[in-house]
Amino acid sequence: MLPRSQTEIILTGATLFLVAIGIYMVFSASAAIGYLEFDGDANYFMKKQLVGLLLGIAAFIVLRRLDYHLLSALSPYFVMLCLALLVLVLFIGVGPAGYDVHRWLKVGPVFIQPSELSKLVLALYIPQVLIKLSKREGGVKDWRRPLPFLLLFAVVFVLIAAEPDMSMAIIIMVIALITLFVGGVRLTHIAALTMASVPFVWYMIVSEPYRFRRIFSFLDPWADPAAGGYQAVQSLISIGSGKFFGLGLCASRQKLFYLPAPHTDFIFAVLGEETGFWGTTLVVTLFLVVMIVSLRMAVKAKDRLGGLLAVSLSLMITVPALVNMGMVVGLLPVTGIPLPFISYGGSSLAVSLAAMGVLCNIAHQNRKEQLRQMEDKITPKWMGV
Amino acid sequence: MERDEKRELRRFRIKVGFIFILLAVSFIALIGRTFYLQVVRGGELREIADKNQIAIEDIPADRGLILDANGELFATTIIAPSIYALPNDIPDKEYTAKQLSLALDMDEGYLLGRLNSGYRFVWLARKIEPGLEQRVKELDLLGIVVSAEQARRYPLGSLACHILGFVDVDGRAVGGVEHSLDEYLRGYPGFRLSVHDAWGRSVTSADDNFIAPRDGCTVTLTIDQWCQRVVESELSLAVERYGAKGGTVIVMEVESGRILAMASLPNFNPNEYKTSDPTSWKNPAVNLVYEPGSTIKPLIVAAALEQAKIGVYTLINCEGPLQVGEASITDVLVHEPTLSISQVLTKSSNVGIARIAMDLGGGVILRYMELMGAGKKTGIELPYESAGIIHSQWMKTKDGAAFTSFGQGLALTPLQLACAINTIANGGTWVQPTIIDSIFDGEGYLDLPEREEVSVFSSKVAGQVALLMELVVTDGGGKLAMVSGYRVAGKTGTSQKTKEDGDGYEKGSFIASFVGFAPVEDPKVLVLVMIDEPTNHLYGGTVAAPTFSRIMGGILQYLGISPSITKPLTPPDPRWGWEQEAMDDLSQMDLVQLIRWAKHSGIALRLEGEGSQVAGFELPSGEKYTLQDYITVNLTEGNVTMPRLRGLSVGEAYEILVNLGLEVRVEGCGPVVVGQYPSPGGKIEPEVVLSLGWGDTVLGGDEQGSGIL
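So the sequences go chain by chain: A and B. All residue numbers for the first sequence refer to my numbering, where the first residue is 42 and numbers rise by one. All residue numbers for the second sequence refer to my numbering, where the first residue is 19 and numbers rise by one.
Please note that a few of the clues may not be correct.
Result set (DSSO-like, lysine-lysine): computed pairs, CA atoms no more than 27 Å apart in a straight line [what the hints assert, rightly or not]:
1) B:Lys394 <-> B:Lys416
2) B:Lys515 <-> B:Lys497
3) A:Lys343 <-> B:Lys33
4) B:Lys33 <-> A:Lys409
5) B:Lys116 <-> B:Lys145
6) A:Lys176 <-> B:Lys33
7) B:Lys542 <-> B:Lys497
8) A:Lys343 <-> A:Lys182
9) B:Lys33 <-> A:Lys182
10) A:Lys341 <-> B:Lys24
11) A:Lys182 <-> B:Lys24
12) B:Lys497 <-> B:Lys478
13) B:Lys394 <-> B:Lys300
14) B:Lys33 <-> A:Lys341
15) A:Lys418 <-> A:Lys341
16) A:Lys284 <-> B:Lys69
17) B:Lys24 <-> A:Lys173
18) A:Lys173 <-> B:Lys33
19) A:Lys418 <-> B:Lys24
20) B:Lys24 <-> A:Lys409
21) B:Lys145 <-> B:Lys155
22) B:Lys394 <-> B:Lys414
23) A:Lys343 <-> B:Lys24
24) A:Lys176 <-> B:Lys24
25) B:Lys116 <-> B:Lys155
Calculated from the structure, these hints are not laboratory results.
Pulled out of the complex, with its shape left as it was, chain A reads as follows (with noise of 0.2 Å):
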C-alpha cells in the first residue's frame, strides 16, 4: 500500500465537508417549499438530493481509482452521448410547470440533467483534444487544426442555450475557453471566437426582457426592489441579516418565500443568513482550498494531460461557485447557476463528485509517480537491472 498523497486527502476532505454543509443546508432551505407543495413533506427535496449524493458518491469511489487517461481516451464517446442527450432534451426534456422550458430528462422517478453532464464531459475531452492537437503538426497555434473542435463547442452552446439556460451555456463556454487559453490556443484566436459568439449572446439576452432586466438591475437593485431588483435585494437583505453569527441553524427567515429559488440558486445567501459571516466564510474557503489544491496539483503533474485535467476540473468547480456566490452577494447579475455540492439538484451534485474522484486520481497518479522517482535515487540503478 502506497503512502497517500497528501493532495487527495485535502481534497477528499474539502469534498466531504462541502457535501455535508449541502445536505444540511438543502434540508434547511427546502423543508418549507416541500412542506407546502409535496403534501407535507418536508424531506421531499433532501430525498431527492439523496439520490443524487449517492450516485455522486460511487462515482467518485470508482474515478479515483480509474486511470484518467482511460477517462480521457473515452471522453469522445462521452461527447457522443451527450450529444445525443442534449438533443433528446430538446424534444423530451421537462422544465419547471409553466415554461416553456426543457432541462431534465425524466427517467423513472429520477430527473437528469445533461447541460450539468456536458459540463464534465467537456472538461474531460477538451484535455484530451489539446493533447491530440499539440502532437499533429503546427499543434494547438495553428488556427485551422482546433476548428472542428470548436465547431463542436458552439453546437454545445446552441443546444444548451436553446434549452434555453443561457447561464450555464456562458458558464461551460467559459470554463472551455480557459481551458484552451491554458492549453496553448492562442489568445488572438480565442479572442476572436469570443467576438464571434456575442452577436448571438447579444441576441439571446435581448430577446427575454427578464434576461436583460436582471443583469441591468444587478447595478442597482435598491432602485426597484419590487420588480427588477427584487431576487437580487431579498438576497442580499438575507445574507446582510445573518450578521456575524447568523439566525441559528434553520433559522432563516427569508427562505419563506421572500427568497427566490431558497434552495437552489439562492442557497448561499440562505447559508448566510443562517450561520452568518463565518459560515460564509467557511464555504468560500472550502472552494478556495480546492482551488489552490488542485492548480497547485496541476503545474505538479506527471504529464500533460494530467495537468490540463486539473486546470479544466478544478474550474468547473470554482467558477460557477465563484459566479453564484458572486451573483448572491450582488457582484455579480442574478443567474441560474447552481453553487456545487450545495444547491439542491442532483445531476450537479454527483457531477461535482465525479470531477472531484478524477481529480483525487490525478493526486493519486502523481504521488505515485512522485514515490517512483524517489525510489529511482534511492536505489542505484544497477540493482533494478
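Let chain A serve as the given structure and place chain B on it in line with the hints.
Coordinates of chain B only, in the frame set by chain A:
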C-alpha cells in the same frame, strides 16, 4: 524537442499561475463583499428583514367592569359580532345587499350605498346582538366577513346612565365614570410579535414573543343599585306628574360624602346611545348650574349664628317690602311683621333673611360660601363638572349679601348645593363627595386620593340649624317631606330660571327643589330633589317634597336605620295627585309596569286569571282612589316559552336573554336570579324582568305564578 517541451511547460505554469491569481482575487473579493454585507451593513439589513417579516399585532385588553356598591354588574364587556364587507370581492352587490337587509333587518338602500362607496373595506353593522351573525354566516356571501369586536353592555339599561356614561362603537368613552376613569377601565393592550412568510402567513407558535394584555380595573361605585332604582322611578313619576322638563335627585351618605344614588331626567339607554338625544347624555347633577333659591337660607342662618350676629331666639323684623338698591324684596307668604329665626325659615321669609345677611356682611357670606365649595368643582369623579358661578365682588356689597341670602345672583350645581347642605347635616364639616368605592386592578385595590374635608361651622351651630330645618318639615312649607317614623330636616326652594343670556329671569319657568336629611338626631342620609320647570305646581314644597319623602323613607328603611320616633306622625295623604286623567295611561302599561306603578302609588292590584299578558283591567269607581280601592287586572296565557333562569347569576341570565334578543330589567338586590317575569314556560315578552336575591328564596314571585309582586 526537450527544450520545446520545457518552454511549453513553463508557459503552462505561467498561464495556470495567471488563472490562479485571477481566481484568488475573485475569492478575496467575495470574502470582502460578504464581510461588508454581513458585518458592516448587517444591522441595517437585519432591520429591513425584521420590518418585512415581523408583525406586531395588538391584543385588546378587556375593559374593566363597573359594579355597584354591592358588587352588582353595572357595565360589562362582551364579544359582539361585527360585519364588514370587502366590496371588491362581491360578485353581485345588489343581491348581497338584499340578502343582508333581510338577514339583519337593515335598509337595503343603505347597505347597497355602503357597498358601492368605492372603499375596499366598509363596516356594514357593528357590534350587533350576538346570535344575529349566524344568519349572515348561513348566507355564506362572498366578500362579507363576520368578525368579533369588544362591545360594552349595560345590563340595567338606562339605570344610572349619567353616572356610567357609555363607550361608543369605536371604543371611546363618553361621559360618566366610563370617561373619568377611562385610564383605569381601559387596561393596557397586549402585543404578539409574529414572524410571517412572504405571503403573510404566520410561522410563529402562539406563545412566542407574547405580551399579555392587562385587563382594565374593576371599578366599584358607591352607587347602590337598589337606591338608584328607587330614585329613578320616583323621579320619573314626579317629572311625569308635574309635567316637568326634567329633574335631578342626589342621595348622599352624610358622613362620608359617598353618593348612594344620583339620577337625572331626561335620560338615555347607554346600550342604544346612537338613537338617543345627545343632549340627554349631559349629567345635570354636576353640570347644570342654577340659582339655589331658598334652599340656601339655612346656610346664611348658620353663618350668622356662627358669627354670633343672631341667637336661636332672636326676633327679626320681617316687614316688607325691603328696598335694596333699586329692587324691593318681598315675601311670598303673608305673615306677622316680626318673626323668630325658625319662622324666617319655615315661612321662608326673603325680607328677614336679607336683613340678617346685610347685618352679617357680604364678605363673611362670601367666605362661608367659598368654604362650602361655591365657585369650585367638588372634585367628584365625574366628567364635565361645573364650578358654578359666584360674583365675589358683587357678593361683598350690601345688595349682593341681600340677594345671595335667598339664593339669587349665584349659581350652584345640584351636587354643590347637596354638599353645602350636607355641611349642616355633618356637624359643620364639608366633605368632598365621591362616587368611587374602590378600584381593583386584578391584584389589589388601588389607593384612592384622600377625600377633602373642610370644617365650616361648629357642631353646635350645625345642630341648631338642623333643628331649625326640622321645623321647616314639621311646621313650615316642607310638610309633604315628612317620613313616617323618622325625624327629617330640610328646606324647600323655588328658584326662577335665569335667561339663557344670564340677564334677568325667564318668565314662568321655575326650578322646584327640596333638600333635606334624616334622621335629625344623627343624620345619615341627605337627599336633594330638584324638578326642572314643573308646569302644574310651582313650589318646592309641593313638587319636590313628596318625592323626597318617598325616597328618604325607602332608603332609611333599606339602610336599616332605626326609626327615630316610636309614634308615627300622620303621613301625607297617599291619595293626592292621582287624578282620573293619569289613570288613562294605565291602558298603555304592561303587567310589569302596572305592578311597579301600583307599588309606588300604594294602590293594590288583584290579578285575575293565569298567564303573563294583560288582557284588560277594571278600575274602581270614584274620582279619587282610597286606600281600600284596588284595580283588577285580567291576565291571559302567552304562547312562547321562557327559559328557566332561577339560580343563575345576573351575568349568565343576561347573556341568555341578550341572545334571545330581549331587553332585561333587574329588580331587587343580590347575586342570583330568584324570580323572573315572564316565568319559566311563559310567553316570551320583549322585556324580561329578573328578580334578584341572596339565595333560593323567591322574593315576591313564584314559578307557577304570573310574575313578580
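Do the hints match the structure? See the list:
| no. | hint | in the structure |
| --- | --- | --- |
| 1 | B:Lys394 <-> B:Lys416 | holds (23 Å) |
| 2 | B:Lys515 <-> B:Lys497 | holds (25 Å) |
| 3 | A:Lys343 <-> B:Lys33 | holds (17 Å) |
| 4 | B:Lys33 <-> A:Lys409 | holds (26 Å) |
| 5 | B:Lys116 <-> B:Lys145 | holds (20 Å) |
| 6 | A:Lys176 <-> B:Lys33 | holds (20 Å) |
| 7 | B:Lys542 <-> B:Lys497 | holds (20 Å) |
| 8 | A:Lys343 <-> A:Lys182 | holds (23 Å) |
| 9 | B:Lys33 <-> A:Lys182 | holds (15 Å) |
| 10 | A:Lys341 <-> B:Lys24 | holds (13 Å) |
| 11 | A:Lys182 <-> B:Lys24 | holds (17 Å) |
| 12 | B:Lys497 <-> B:Lys478 | holds (25 Å) |
| 13 | B:Lys394 <-> B:Lys300 | holds (19 Å) |
| 14 | B:Lys33 <-> A:Lys341 | holds (14 Å) |
| 15 | A:Lys418 <-> A:Lys341 | holds (18 Å) |
| 16 | A:Lys284 <-> B:Lys69 | holds (16 Å) |
| 17 | B:Lys24 <-> A:Lys173 | holds (18 Å) |
| 18 | A:Lys173 <-> B:Lys33 | holds (20 Å) |
| 19 | A:Lys418 <-> B:Lys24 | holds (22 Å) |
| 20 | B:Lys24 <-> A:Lys409 | holds (22 Å) |
| 21 | B:Lys145 <-> B:Lys155 | holds (15 Å) |
| 22 | B:Lys394 <-> B:Lys414 | holds (18 Å) |
| 23 | A:Lys343 <-> B:Lys24 | holds (13 Å) |
| 24 | A:Lys176 <-> B:Lys24 | holds (15 Å) |
| 25 | B:Lys116 <-> B:Lys155 | holds (15 Å) |
Checked against the numbered hints above, the structure violates none of them.
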